[in-house]
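So the sequence lines, in the order shown, correspond to chains A and B. Per the numbering used here, residue 26 is the first one in the first sequence, and the count goes up by one each step. Per the numbering used here, residue 358 is the first one in the second sequence, and the count goes up by one each step.
To give an idea of the chain A side of the interface with chain B (calculated C-beta under 8 Å), a few residues: (1) LEU65; (2) ILE67; (3) GLU89; (4) ALA176; (5) ALA181; (6) MET182; (7) THR183; (8) PHE186; (9) ASN250; (10) ILE252; (11) GLU255; (12) LEU403; (13) ALA405.
Just so you know, these hints were derived from the structure itself, not from any lab. Beta carbons: idealized from backbone N, C-alpha and C, even for Gly.
The chain contents come next:
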Amino acid sequence: MSDETVKDTHRISSHAVPPRDRSHLHLEAPEKPHLDSNELIINMGPQHPATHGVLRVILKLDGEKVLGTECVIGYLHRGVEKIGENRTYTMFNPYVDRMDYVAAVSNGLGYCEAVEKLLNVEAPARAKYIRVILTELNRLASHQLWLGTHALDIGAMTPLFYTFRDREEILKIFEKYCGARLTTHAFRIGGCQYETYAGFEKEVKNFLTFVAPKIDEYEELLTTNRIWLERTKNVGVISGADCMALGVTGPVLRASGVKWDVRKAQPYAAYSEFDFEIPTGENGDTYDRYLVRMAEMRQSLRIIEQAVNGIPEGPIMGKVPKVIKPPVGEIYHSIEAPKGELGYFIVSDGSTQPYRLRVRPPSFVNLQALDVMVRGLLVADVIAVIGTLDIVLGEVDR
Amino acid sequence: MLNQFMSYLGSNVTPGSANNQLWALIYVFIIFAGVSLAVVAMNWFERKALAHFQIRLGPMRVGPHGLLQPIADAIKLMLKEDIIPQEADQFVFWIAPVIGLLAAFTVYTVIPFGPSQAVSDMNIGILFMLGVSSLGVLGIVVAGWASNSHYPLIGALRSSAQMVSYEIAMGMSVVSAVLMTSFNKDGTGTLSMIGIVRSQQDQGIWFLFKFFPLGLVAFVTFVIAMIAETNRAPFDMAEAESELTAGYHTEYSGLRWSLFMLSEYAAMIAVSSIAVTLWLGGWLRPFPNLLHAPAWDFIFSLFPGLTFLGLAAIAFIGVARMPAHFSFKIQRIGLAVFAALLGCMALLLLLLAVAGRSADSSIAARFREGIDYVYWFILKVALFMYLFIWLRATWPRYRFDQLMRIGWKVLLPITLGVLVLTAIVGVLAS
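Here chain A stands alone, though its shape is the one from the complex (with noise of 0.2 Å):
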């Protein structure tokens, strides 16, 4: 593929976006005017406490019946990919941490690999096991914190303090490993650059035995709930072939009843070597959601432990050149990150710099289920419906 063919394929079309199509939302008056009551249109954020971020949802409702919705993005757009274009591979590795900023790590993982595959290297396995065992703790607290937020969003204010809590342990394991909490920056293009701490595999092993009975403690609070129940169950339902005609993968998927990861359907880093079992729901409401990722945090716990044991001696840095200049050439790769499938999609012209970089945000393309699921629902499973999709608008807005 020569240069100019790459650079007219992917040309990003300047010419005018046409208006947005608002006619699903039917904005005008309405045709058949019952009783004289007429359609509200209310602006859920993007300063709303529940809209977790910037996200505006327009609403428009019959009394608190939702009739449709249209979310409107973009508020914190920071041009990630463009940005990307314009830094060489290794300069752009930060800038990953600030998308799904709950899930640094993961993102860090996924890019790290993308631009592996485009040199055609590999991390060495310690360095694949390290990465294995962080990105699942990071899954793990990307896990806590949507369960936090999403039972505080549905009125429980206390599951919110014990995931943090909990959540706490984990960054402060990242805190020792790297220096830094949350944009961990863990990884590097060819392995990782630290090797772990004195004392590491012991903290993480203390951690499991610590948080397997606290993740009971959270199901305490709201599993069995009748409440919590009522609140969730048939509520923003999704059947599996409406979530992959609008490309929804992650927890919302398999709640679905679509066995779909991932870590299993195209392994990377080390997962093959791993035991675990892909949870599935089965009816595609928020309880099941809800089940999935209570089970899911349970199957990272199960992943940690082998990988800790299993942890192989050896470098952790594989054969990569100072100066980063992979052939001419496109590649995609995506891994499981905790909110859905994240992609990168690289385009390399040989130079040091990507000529474009796409990303796949779990977020972004999950939150398009949201008008399918809330129709015809009320406006307090808005937010129930938003919390379960688990966006971060720092992904779905890159």
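Following the hints, complete the assembly by docking chain B onto the known chain A.
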């Protein structure tokens, strides 16, 4: 005037019934100040208790253990800019919190803190209470409407629908309690709040345990309805923070907002007082008929003093556990002074219990009696306040339609059934 003042001290009727305007006025002031203080205390206690449920410390900085936090909050709220949205209906916006506050405080005129420790003993006391407390919804509707904004409007509509529906279940369970008052020798019941407590004393049983489990079911339905009526978790749809930002008072700020808070907490205390009066024997101490020897009277009269002694002990432990660092010096001294005050209060009450031991009608004995009544009443109400906080910390929030379903399809049939069964059982038993 002094004569009138002193002569009433010996009477055993409420100032309202004795037509003693002066004492009635004094009672009104005491209750107003007391309830306001209780709201402040409740504010602090809720934040602390909720924090401890949630593995936090809660307010710790303003005063020792955040004891001065409510005062700091009050000052902050008073100093805040008073915003009235341009598009709002100015007058209605202004009057809405006042309506809520008036409704919440007027209820206290019929609440008996003791047989004569009430502003008035109305013969339709419970009806008056139900009527006035449901006026509170007017303040909320009007606030939501006057704000001229979507979120407050939805909050207000939810709230009014909720309060109106739960009023019915609440009323029905109240009726079954009122019905229980009539199962005595002469077969006449009473609607007077004082009369209801008296009849529990005469029948020798709290209505909570009467016709077990009928009284209990009526009580539980009343408690559920009263939580919904006061818009508290898990029925706090009207101000569902995560859904409607702040519900009907989204547009309110500063002092006006604090009036809403004041009336919400005052209403909570009011409905808890009603529950206590109807089912938990109001001012009666435990087992007033069974353990009625003077010795028992004396033992029970020690309780107020002992409670304060316990509080003082907790405060002193707090002093001892405070870090010895010099920056905590003022806080430590402050808490020690507070503990000492509580200790003095305890000593005073214990002295009074000893001095007023004889069953004669000396001033000390009367005073001791009055304090006992108020103490038991407040203790029972405080348990309800704790229940409110406990529920808020534990449960998620119901959805609006589920709330209505519970009100109409669950609580109403249950209360109706209990009412009918109470009547049948009562007739068969007597």
